[in-house]
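Enquirer: Protein sequence lines correspond, in order, to chains A and B. Each residue of the first sequence is one higher than the one before, counting from 1 in this note's numbering. Each residue of the second sequence is one higher than the one before, counting from 1 in this note's numbering.
Heads up, some of the hints might be wrong.
What the hints assert, rightly or not - Derived pair list, reagent style DSSO-like, types lysine-lysine, alpha-carbon separation capped at 27 Å:
| id | chain 1 | residue 1 | chain 2 | residue 2 |
| --- | --- | --- | --- | --- |
| 1 | A | K99 | A | K84 |
| 2 | A | K87 | A | K99 |
| 3 | B | K206 | A | K87 |
| 4 | A | K99 | B | K206 |
| 5 | B | K167 | B | K100 |
| 6 | A | K84 | B | K206 |
What the hints contain is simulated information worked out from the structure, not anything from laboratory work. Note that this is a predicted model, so its numbers are computed, not measured.
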Amino acid sequence: MPLPIVLAIALMLAGAGTLLRGSVIAGESLSQEEVVEGQEEFVPISELPPEDRLPAAPLLIAAYSFVWVVLLVYLWSIWRRLTKLEKELADFARTVSLKRAGPDG
Amino acid sequence: MSNRIFGLLLAASILLCVGAPLMIAWAPYESTMGLVQKIFYFHVPSWMIMFLSVFICGVASMFVIFRRSYRADRIALAAAELAVVFGLIGLVTGPLWARKAWGVWWQWDARLTSALVLWTIFIAYLLLRRYGGPGSERLSAAVALFGMANVPFVYWSVNVWRTVHPKTTVVPSLGPGMREAFWWCAGAFLCVYLLFLVLRIRLEEKRLELESLYLTSEDQYKNYG
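So here's chain B without its partners, still in its complex pose (with noise of 0.2 Å):
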């Protein structure tokens, strides 16, 4: 990526965070949940962007097991991670929020729950790369897969399951004042989480361009030795 879009992105980022709280106090208050629900703006799009990652994670994925793609690899190691950092915001902002609105901090109900367990899954991945050892990349990536294919299970499971939780019907019928709000934050978070992606691969290139750097000078070494 070019350094000027990478500063675009950068400024766009910036503008969009900081404006942010000031559509969060612009928006109407919720008729039942009053100032609390003021954590949607941040809450539901952290889930989202924790979605496309693990979408992101999980498409790149594929080509590392049936391609065996070097650059793949280094997109889907930098996705898993985004994608449990965006999901820890998510598993924690939303528990602050069900403290005032429900009364309790967690709920062990459907949509909470297969929430925890996608989020867990990135977690093992990421263990997976760290620990596993030479090879470890298609293994943790047929994780990924897995992964990805319990996103529409946590998506839907408010709809079809009974759970205390906000159905998805809750974002497409947003008011005025909320529904600006909330798009306005849902791509403050999507800038920040492709800025994040693009220095996270090149963190990436640059470890293995190390690691290759070594591996070359051990050869030589080797052959003159």
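Extracted from the complex, chain A is given alone in its bound form (with noise of 0.2 Å):
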């Protein structure tokens, strides 16, 4: 391989491996820079205005549901192909029989 390309894929792997380095080592300052403060009071959920208090369950059962449709939605494509294919497959079939058994036929 000639000397300026392993020169040059060198460097562009010593620039990924700094710019790597970097990022990891700024990722651990900055988390230990991190200083969580006390609470100063407990806030009951009750007081916290509505659009602030978000109830878990929908999320989850819209999720779930969303998987659910999803994977039947799909199914139920694959499943419409199929048959249309298999249709057509069968129309085929037929107009060559009927082709082979001539006008006469």
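Please dock the two separately framed chains into a single complex, following the hints provided.
Expert: Pasting the structure below:
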């Protein structure tokens, strides 16, 4: 392999390594700087404004329903496409057999 | 694939899918997120299956590029379509979880953005196959290889870059109750995936059979004609 290409690859790898290491160090130093402040008071959930009271159940039900809907719709789509193809194959076979039988047929 | 194996796969899928909600309900609540964390049991398996599908598509695409294998092309197309389906599940269930856990639907961080990019690569693959015309198989195979090369970046992004997304250490460190429910759901997703893959490959084979029949009959008419 020519030397300039080897050098270019080595430089690219070194650059990527530095970038990766830099981002890891930055992440670590940021997480060290984080200080969790102590709560000054406890607020009952009933005192929160309605927009901040987010129940988990509707989100869980929505996610679960979505999974079932997607899987069932995909299954239905495969079944529909298979049925259509099988019908076309049967039609084709019928047309060919009719043509083979000839016009007097 | 024989009908017996197909039947077994169907039975396993039904059994695991019916059992999954019970396993999820039985699993203990996570200490900080509570009920909404239970989305994890189908959000993570959907991405695991998406990655598996991308890998299958990528390997099959190598055979398409280097060996011009038609069988591999059928497998690659089926796997790409399923990668989009399971990716869609992951992309929708994630924000539903994030809304409660993080307070936002979406965050443009490394994991979420790279996962979205991976998904759009496979959308591009399908569009290329649909509208690319003759010869698009090899071009789309190259796109699939590009997509497969992205998977390690998506997977490791949570460990390398600063992100709000949970890290990859979450799954191996799952406690009793959570672990069983998670692997049960992963098994259910895997069975459903294999079932869909077999059906989708069968569909592609039928389509090619019809296409070759039309071409043969056209040639015959031209020869007699």
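Enquirer: Which numbered hints are broken by the structure, listed smallest first?
Expert: none
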